[in-house]
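Novice: Each chain is listed here by its residues.
Number of protein chains: 2
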Amino acid sequence: MTGSRVDQRRVRGAKTRTDVLRAAADLASRRGIEALTLGALSEQLQMSKSGVVKHFGSRDRLQLATIDYASEVFAEVVLGPAADQAPGLERLRSITARWLDYLTGPTFSGGCFFYAAAAELDRQPGPLRDSIQATVQAGLALIRDDLSTAAGQGDLAAGTDIDQMVFELHSFLQEVSLMHLLLDDPMGRVRGQRAIEHLLERHGARPLS
Amino acid sequence: MTGSRVDQRRVRGAKTRTDVLRAAADLASRRGIEALTLGALSEQLQMSKSGVVKHFGSRDRLQLATIDYASEVFAEVVLGPAADQAPGLERLRSITARWLDYLTGPTFSGGCFFYAAAAELDRQPGPLRDSIQATVQAGLALIRDDLSTAAGQGDLAAGTDIDQMVFELHSFLQEVSLMHLLLDDPMGRVRGQRAIEHLLERHGARPLS
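Order-wise, the sequence lines are chains A and B.
The opening position of the first sequence corresponds to residue 987 in the numbering used here, with each subsequent residue numbered one higher.
The opening position of the second sequence corresponds to residue 987 in the numbering used here, with each subsequent residue numbered one higher.
For the record, the hints were derived by calculation from the structure and aren't laboratory data.
Be aware that a few hints might be false.
Over the 10 Å line for every Cβ pair with chain B, so calculated as not near, a few chain A residues [claimed, not checked]:
no., residue
1, Ala1021
2, Thr1023
3, Leu1031
4, Gly1066
5, Ala1069
6, Gln1071
7, Ser1095
8, Gly1096
9, Ala1102
10, Gln1110
11, Gln1119
12, Val1122
13, Gln1123
14, Gly1145
Just the calculated beta-carbon pair ranges, DEER-fashion [stated by the list, open to error]:
no., chain 1, residue 1, chain 2, residue 2, range
15, B, Asp1149, A, Ala1083, 17 to 25 Å
16, A, Val1039, B, Ala1021, 36 to 44 Å
17, B, Ser1044, A, Gln1030, 22 to 30 Å
18, B, Pro1067, A, Ala1120, 35 to 43 Å
19, B, Asp1005, A, Arg1192, 54 to 62 Å
20, B, Glu1062, A, Gln1123, 28 to 36 Å
21, A, Ser1095, B, Pro1067, 35 to 43 Å
22, B, Ala1144, A, Ala1143, 23 to 31 Å
23, B, Val1039, A, Ala1120, 16 to 24 Å
24, B, Gln1179, A, Gly1066, 31 to 39 Å
25, B, Asp1147, A, Ala1143, 47 to 55 Å
Even glycine gets a Cβ: it sits at the ideal position worked out from N, Cα and C.
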């Protein structure tokens, strides 16, 4: 074995936990959580299986850690830029704009990690389903919180059914993923943005200036 | 080998193509198209692999035939009952009511076959993705046709953006699947029905009497 090959192995061995998780989340966005095996991942990363095992111990723990990592990425790219916005409609509009960017952008090469994982795991009871369910519920709670704040501030019409609004707003986000990922239709983001803005204004939100 | 075991084998061998497809579609609704292997299916049906191969020739052809079969089931349970309805709002309301039943009912044990398959295959180019894409587009066309007919009959407001309505109506159907399958929330069907009816009435449809 030449010196350079030894160096290369050292470099390969030095891949951090985050490097592995990034590759795992990206792979899962394209092929599903089920495709996340130690073998597939070690091959993709050109590292040994034992190197992957060292970080995670087992396939189950790798899969769970990947869901957690994807949640952190979502928080960073979607919620991070809205951190300084006032709670209520201002922050909600900021979050949904970034959310639409995320759904149609390059964060994961297979599109929204959770869109894929939700449909994959919804009928497979266990810790993976529990984790995806909790993450999706947290996403819905983000929307609900800002809508409730807006209603409390008088920025939405009195008597607005907040849970129905959450249902409709989140449904538009799901449809954007379908148009973008399956239908190859570039109008998804525009239609989603339009649907969300109409929904808000229909319930009394002041139009965007 | 006893006589009764021979009979049992004959019975097993006599499973029809439709028996196999029904089991395949049900399995795929729970575990994904990727889980449709000749081995998994022969085990579930208690028939030999060669028995499955006899009907389909290869795994690829089995998977494609399963998508076609699921389309036929959808047409039967969702479109069949609306066949005699007048095109336009009357038929659309009939179709969407049956569609909501299908999404939340027992047709497939893993819920909507296409909700699962769309998210699974959307980033995996090939004949399976093409087939799912065409089927989803056909579903959207059903909605678009009746909305266009309704607009042409003056049953929707002049200038209605039909494509935007299709986007919104179909998004509500997707969200019902998410609530039903992942979130274990029994309100999905009610919220979906309400969202669809509000959408129609907002664009000028006469309310249901």
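Novice: A:Ala1069: least C-beta distance to chain B exceeds 10 Å?
Specialist: holds, 27 Å
Novice: For A:Gln1071, is the shortest beta carbon distance to chain B beyond 10 Å?
Specialist: Correct as stated: the minimum Cβ-Cβ distance to chain B is 25 Å, above 10 Å.
Novice: Non-interface claim for A:Gly1066: all C-beta distances to chain B beyond 10 Å?
Specialist: holds, 25 Å
Novice: When you take the CB atoms of A:Ser1095 and B:Pro1067, is the distance between them in 35 to 43 Å?
Specialist: holds, 41 Å
Novice: Against chain B, does A:Gln1110 hold up as non-interface, every C-beta pair farther apart than 10 Å?
Specialist: violated, 7 Å
Novice: Taking the beta carbons of A:Val1039 and B:Ala1021, is their distance inside 36 to 44 Å?
Specialist: violated, 25 Å
Novice: With 10 Å as the threshold, tell me whether A:Gln1119 passes as away from chain B on beta-carbon distances.
Specialist: Nearest chain B Cβ is 6 Å from A:Gln1119, so the label is violated.
Novice: In terms of Cβ atoms, is chain B entirely out of 10 Å range of A:Gln1123?
Specialist: violated, 7 Å
Novice: Taking C-beta pairs only, is A:Ala1021 more than 10 Å away from all of chain B?
Specialist: Its Cβ does come within 10 Å of chain B, the nearest being 8 Å, so this is violated.
Novice: Within 31 to 39 Å or not, the Cβ separation of B:Gln1179 and A:Gly1066?
Specialist: The hint (31 to 39 Å, Cβ to Cβ) holds, given that B:Gln1179 and A:Gly1066 are roughly 37 Å apart.
Novice: Say whether it holds or is violated: A:Ala1102 keeps its Cβ farther than 10 Å from all Cβ of chain B.
Specialist: violated, 5 Å
Novice: At the C-beta level, are B:Glu1062 and A:Gln1123 separated by a distance inside 28 to 36 Å?
Specialist: holds, 34 Å
Of the numbered hints given earlier, the model fails hints 1, 7, 8, 9, 10, 11, 12, 13, 16, 23 and 25; all others are met.
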